[in-house]
Each structure stands twice: as C-alpha cells, then as structure tokens.
Amino acid sequence: MPAFPQAANASTRNTHLRANLRHATHTIRAKRATAVAELDDWSRLRAAGAAIKDRTLRHLDQYLEQLESAVTAAGGQIHWAADADEANRIVTELVRATGEREVVKVKSMATQEIGLNGALATAGITAYETDLAELIVQLGDDLPSHILVPAIHRNRGEIRDIFTEKMSQWGRPAPDGLTDAPADLAEAARLHLREKFLNAKVGISGANFMVAETGTLVVVESEGNGRMCLTLPETLISVVGIEKVVPTFQDLEVFLQLLPRSSTAERMNPYTSTWTGTTDADGPRAFHLVLLDNGRTDTLADTVGRQALRCIRCSACLNVCPVYERAGGHAYGSAYPGPIGAILTPQLRGTQSELDASLPYASSLCGACYEVCPVAIDIPEILVHLRERVVEGGPASVRGTRTVIKPAKGHAAERAAMRAARWALDHPRLLRTGQRLASRTRRFHPRRLPGPGRAWSDTRELPKVPEESFRDWWQRTRGGSGTGSGTEGRKDTT
Amino acid sequence: MARIRRALADVPRAETPGEVPVERTYHRVHGDRSSAQTADLLAENLADYRAIVHRADTPSSPDTPSSLPALIARLLADRGATSVAVPPGLPASWLSAVPGAVRRVPDTAELTPHDLDAVSSVVTGCAVAIAETGTVVLDAGPDQGRRRITLVPDHHICVIRVTDQVVGSVPEALERLDPARPLTWISGPSATSDIELDRVEGVHGPRTLEVILTGPESAGQS
Ligand code: SF4
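Chain order of the listed sequences is A and B.
Take 0 as the starting number for the first sequence in numbering that gives the first Met the number 0 and just add one per residue.
Take 0 as the starting number for the second sequence in numbering that gives the first Met the number 0 and just add one per residue.
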C-alpha cells in the first residue's frame with residue numbers, strides 16, 4: 000500500500016472521482032447542518048455524548064465485564080479477540096460449527112478492518128454483503144471509499160455495468176435490459192439479495208452500540224438489509240470493537256439523537272434494531288458476540304489519542320474535510336478514511352509502515368472535523384500528537400506492552416511527511432478551503448499545542464490562522480465576481 | 000482484560016465511573032406542545048419520510064374514529080392484497096371488515112421467511128411513536144408479532160393510539176421501552192441513497208408503510 004501522498008496524487012488526478020466525491024460531501028454536509036440546527040440543545044447533547052464515552056473508556060474493564068454477564072444471562076455467548084487473526088479464526092470456527100458455507104453480512108466497519116471476508120473465503124465460506132453500496136463494492140471487486148456511502152466513487156452507469164456483468168457469478172443475475180435509473184438498480188439488488196436473505200442460516204453483523212447494563216446491541220441502518228440479517232438466520236455472529244459499549248440503556252437517548260443527524264442528516268434513520276441475547280421464537284436461536292481489541296487497548300493507553308475511541312462512525316468529519324474531498328477514501332489505505340482514519344489507523348496499527356506514518360500528515364489542520372464531530376473528538380490535537388510520535392518517537396503501547404518507539408527508520412516517515420506537506424502546497428485550492436474553514440473555527444485553535452504535542456509545535460511553527468483569508472477578503476471587498484471556484488465550502492460549517 | 004487495565008494506568012484506582020461527570024442538561028423534549036400538536040407533528044414527520052398517514056384520531060379527521068375496521072379494509076383492497084399477516088394479539092375488530100377472500104396468515108413459529116415472502120400485507124399495532132423524529136417503535140408485543148412479519152411483506156399498516164402511545168422525543172420513548180424485548184424503530188419505509196445520493200424507497204423492507212392514527216373510541220382493546 001503506497002503512502003498517503005502517492006495514493007492521493009493518483010486519486011486527485013481522477014477528475015470523475017473528485018466530482019462524485021465533491022457532490023456527495025457537499026450535499027451531505029449542507030443537509031447535516033440543517034438537521035443539526037433543528038435541535039437547539041445540540042452542543043449540550045454533544046458534550047453529553049463525549050462525556051458518556053469518556054466515562055465508559057476510563058472504566059472500560061468494568062463495563063465490558065458487566066456487558067459480558069448481561070449478554071450471557073440473556074442467552075448470548077461472548078468471545079474475546081485480541082487481534083484480527085484471532086477474530087477471524089473465531090468467526091470461521093463459529094460458521095463451520097453450523098455446517099453452513101454461506102453467510103449474509105450487514106455493513107460493518109469492524110469486519111472490514113479485520114478483513115473477515117477474505118479470511119472466510121480462504122476457509123471456503125462465501126460472505127455476501129447485503130448493504131447496497133457494499134454489494135456494489137463487492138461485485139465490482141473494489142474497496143469502500145466512504146464510511147456511510149462506501150460506493151460513492153461509482154456513478155450509476157458504472158453500477159449498471161457491474162450488476163449486469165457480475166451478479167450472475169454471485170447468485171440471481173441482473174434482469175435483462177437493466178437501465179441505470181437508481182430505482183431499477185435498487186430493484187435489481189432487491190431481487191438478487193432477497194434470494195440470499197430467505198435462505199440464509201448464518202448472519203454476521205457489527206453493532207453501533209452495546210449497552211453494558213442490559214446486554215443490548217444496537218444496529219442503525221436504512222435499507223432493511225440489517226433487519227433481514229439480524230432476524231431471519233438461525234445463528235447471528237456480531238463482531239464489535241470493545242469501545243462501542245455505553246453504560247446504560249438511557250444513554251442511547253443521546254446517541255440516537257447525535258448519530259442520525261450527523262451521518263445521514265436525518266431526524267432518524269429508517270431502521271434501528273436492538274436485541275438482547277436471544278428471544279424465544281423470534282430471531283436467531285444462537286447469538287455470538289465477538290469483542291474485538293485489534294489495537295484498541297493500545298489506543299486506550301494513549302491519554303491524548305484515547306478520545307479517538309469515542310468515534311461513533313458518523314462520517315461527518317469526512318464530509319467537511321478538504322483533503323478527503325480531493326484525495327478520496329482509498330488513499331487512506333484502511334477501513335477508516337478521512338480525518339478519523341488519519342488518527343485511528345496509525346493508532347490501531349502503529350506508525351511503523353510508511354503509509355501509517357504518513358497518515359497524520361493527511362490534513363491541513365483546518366479544524367473543521369473537530370467542529371462537526373458529534374462526540375467532540377479533537378482530531379487536530381491527535382494529528383499533531385501523532386506527528387510528534389512519527390518524527391521523534393517516544394513512549395507508546397504496542398500490542399499491550401509499553402515501549403519506546405524510535406523515529407521511523409531512515410527518516411522514511413519524515414520523507415513521507417514532507418511529501419505530504421508538499422502535496423498539500425501543490426494543491427493551492429485545497430489549502431484555501433482549509434484556510435477559509437480555519438478562520439471560521441479560529442477560536443478553537445490553540446496558540447501553542449498543549450501537552451505532548453508541544454515538542455512538535457515548538458520546532459514546527461503551527462500555521463497562524465488569519466482572521467480572514469486573503470482570498471475571502473478579496474471576494475468580500477471586490478464583490479467576488481467571476482471567481483466561482485473559490486466559493487465552495489460556504490454553507491458547510493455550523 | 001488485563002491489557003485493558005494496563006492501558007488505563009493513568010486512571011486512579013479509586014475513581015468510580017460516577018466521578019466522571021456527565022451533564023444531562025439537554026432537553027427531555029424539544030418545545031412545548033399540547034397532545035394534539037404532538038400528534039400533528041408526528042403525522043407531519045412521518046409523512047416527511049414518505050410514510051402514508053391516515054388520521055382517524057379526531058372527529059374532524061377525514062377518516063372518522065369509528066371507521067378503523069373499514070379503513071383497514073379499504074387500504075388492503077386498494078393495494079389488491081390477497082393475504083395479510085396477523086399478529087396473535089391483534090384486536091379482532093381491526094380486521095372485521097376485511098373480506099374473507101383475503102387470506103389471514105397467523106404469525107406462528109412455523110411460518111418461514113419463504114411463506115412470508117408470499118404474503119401481501121401485514122397489520123400491526125405499535126409500542127410507542129415519537130413525534131419529533133417521525134418514528135414508530137415495535138417491541139414484538141402481542142399486537143405486533145415477531146420482527147420478521149413486518150419486514151418481509153411489501154406493505155405494512157401500523158395503527159398508533161394517539162391517546163397513550165405517542166411521545167414527543169427519543170428520551171421519552173426510551174423511558175417507556177423494555178430493553179429485554181427486541182425493538183424495531185421504523186422511520187418511514189426502507190430507503191437507500193447509495194446510488195449518487197438519489198433516495199430510492201423499498202430496497203429490502205416493506206416498500207409501503209401506512210400509518211393510521213386512531214383516537215380512544217376506535218383504538219378498540221377488544
Ligand atoms: S470522528 Fe467524529 S465526526 Fe468523524 S466519524 Fe467519528 S464521530 Fe463522526
């Protein structure tokens with residue numbers, strides 16, 4: 000996997016990809032602003048959401064124990080997985096024990112993070128993605144590029160071609176004469192997948208939340224494919240990161256308000272399912288919960304980086320990020336693209352590879368991501384903290400053991416970093432947008448970075464954020480005529 | 000677990016979760032509304048997500064309170080429904096005006112997903128409805144049946160008693176719900192925006208959601 004700047008360089012030259020992405024991010028962020036403005040207590044909900052997650056993370060051991068006993072008491076079975084391999088092994092064995100060779104899947108970041116589909120395929124088990132976008136990605140032998148709308152880099156013509164060519168290899172073929180109208184494409188997917196749902200014996204999912212107090216799992220979705228996978232099969236296996244726990248059922252009142260508005264910009268997403276263990280004669284008879292670490296305890300051990308584990312995967316930070324908008328999701332080289340990917344991936348995987356070392360530089364530090372984040376993760380602070388780790392090394396937790404990391408070998412990381420910086424400078428429009436957003440979020444910017452980030456900012460002057468960018472001033476004072484390209488990102492911040 | 004404890008070395012041993020402050024200063028409900036206004040907001044938000052809303056909850060409603068069985072019969076006929084899935088505890092009167100030619104399919108454990116795929120419609124009650132978000136919550140109670148019956152058939156008619164089932168907000172709804180039961184929150188019919196962000200309804204769940212708001216007279220516990 001190439002480091003971020005190389006990958007981004009390739010993807011920014013793909014004008015069609017950029018146009019798709021721009022359309023998507025701008026549409027979603029404008030809608031999101033409206034949905035958020037509807038609630039006059041948004042900032043208080045956001046503070047409560049952050050605080051609940053902090054409470055959980057500081058006492059994660061206790062809440063996970065509570066969760067384990069609640070799930071077990073409700074008829075479920077808990078499995079602990081220290082890393083991706085262990086999680087894949089557990090799931091493979093659970094599927095094997097059912098005697099089945101096919102499973103249906105709900106869209107899940109955790110299973111993508113561990114590469115579950117590949118591991119199952121090696122074991123001779125076929126995993127069918129049932130979210131429409133994930134289906135497009137799977138049939139197209141492609142990778143997701145966005146958390147919420149993973150196939151956003153594809154347009155309708157491409158989707159039609161993928162369906163026509165590939166559906167027959169996976170099951171029911173696409174209808175003859177399929178057009179590229181979204182309704183027709185959705186109908187083709189409905190027919191193709193329905194056959195799978197009705198015959199499925201094993202379902203695999205992630206979860207948006209797990210309630211420690213009651214053992215309840217929550218899945219938030221739109222299409223109903225989640226409901227199909229969660230209720231029709233006989234066995235349900237959920238793979239969930241340990242950070243997804245919340246203390247009480249009541250706490251859901253905060254997150255079920257924050258999440259839909261931040262992610263799809265809706266008052267509520269079309270479907271939310273909750274289940275607690277197993278229920279007689281309704282839904283799966285066997286329920287397995289695989290609790291995934293895979294770098295999360297290392298992230299937890301970092302007192303600055305820990306807050307990244309608050310993330311509820313809403314994707315709002317992607318949609319405001321000027322770097323993501325141009326580079327696209329694939330450039331980040333992991334299941335987590337955009338600003339959250341730039342801080343989560345190097346924490347989960349460490350900063351030793353060139354790609355992971357370059358990710359903390361995949362940002363203009365404009366601060367827009369922090370501003371929209373519904374759980375107030377200070378992404379810029381963590382980026383700077385991780386840059387320091389890449390450049391200067393220092394103490395960190397690796398696979399559960401505290402060690403001192405050396406600066407990346409042969410300054411590969413520094414090279415990657417410099418290239419990323421140069422890449423940003425080579426894209427002046429990107430920098431402008433960043434600056435414009437930054438001047439609007441100026442009051443959040445620290446003069447000097449607090450805590451461990453200080454060493455980094457001592458030697459590398461943080462760019463000063465002007466009150467108003469020159470270009471904005473020019474546009475405002477000269478009426479802004481004829482400079483259409485500079486007006487993007489106007490209605491996006493809230 | 001030992002790893003997690005090691006990772007939390009900075010947290011003082013004596014600290015309890017309660018000592019990490021969580022300020023719940025957000026609203027329990029947004030705005031002050033009479034129960035009639037709450038019902039109106041529910042109807043508006045349901046319709047905003049393209050559920051089809053029928054009002055039978057006030058004397059001035061076009062669908063008058065006494066007409067619930069007739070209304071359900073009409074909605075099924077309009078769809079050309081030939082069969083309807085029936086939860087075990089659905090009030091008998093609700094389907095009393097539906098002609099015998101429409102096959103009743105009782106919700107039983109033997110009913111397979113394939114059987115359900117051949118059923119045209121389903122009629123259920125609900126556990127609670129949320130006005131601010133336009134959400135209906137099912138908790139698999141006797142008048143709602145198992146989760147699958149509201150999922151596989153293409154047409155779902157859901158009856159909400161305005162008098163005692165409608166709340167304003169998400170926090171108010173959670174207070175009333177039992178986490179031990181499987182819950183399904185429905186806000187409009189199934190939808191996707193995965194193709195160029197164009198909203199398309201009915202990818203997998205019912206393509207049509209019809210909601211009937213009823214008043215006390217016809218809510219009929221019978
Ligand atoms: S970091 Fe915040 S904004 Fe980004 S996906 Fe996570 S919760 Fe959403």
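Calculated directly from the structure, the hints in this document are not laboratory data.
Check before you lean on any hint, since a few could be wrong.
Per the computed footprint, the stretches of chain B lying under chain A, defined by three or more beta-carbons under 8 angstroms from a beta-carbon of chain A, are [as the list claims (entries may be wrong)]: (1) 33–45; (2) 78–89; (3) 95–106; (4) 109–121; (5) 140–147; (6) 189–199.
To list a few chain B residues with every Cβ distance to chain A over 12 angstroms, as calculated [as the list claims (entries may be wrong)]: (7) Pro16; (8) Val19; (9) Val52; (10) Thr57; (11) Ser66; (12) Ala72; (13) Arg73; (14) Pro178; (15) Ser186; (16) Arg206; (17) Gly214.
Take a look, some chain B residues computed to stay more than 12 angstroms from chain A by CB distance [what the hints assert, rightly or not]: (18) Arg49; (19) Ile51; (20) Pro68; (21) Ser92; (22) Ala179.
All figures in this text were calculated on a predicted structure; none of them were measured in a lab.
Note that CB positions come from ideal geometry on N, CA and C, so glycine has one too.
- Which earlier hints can't be squared with this structure? 1, 2, 3, 7, 8, 14, 15, 16, 18 and 22
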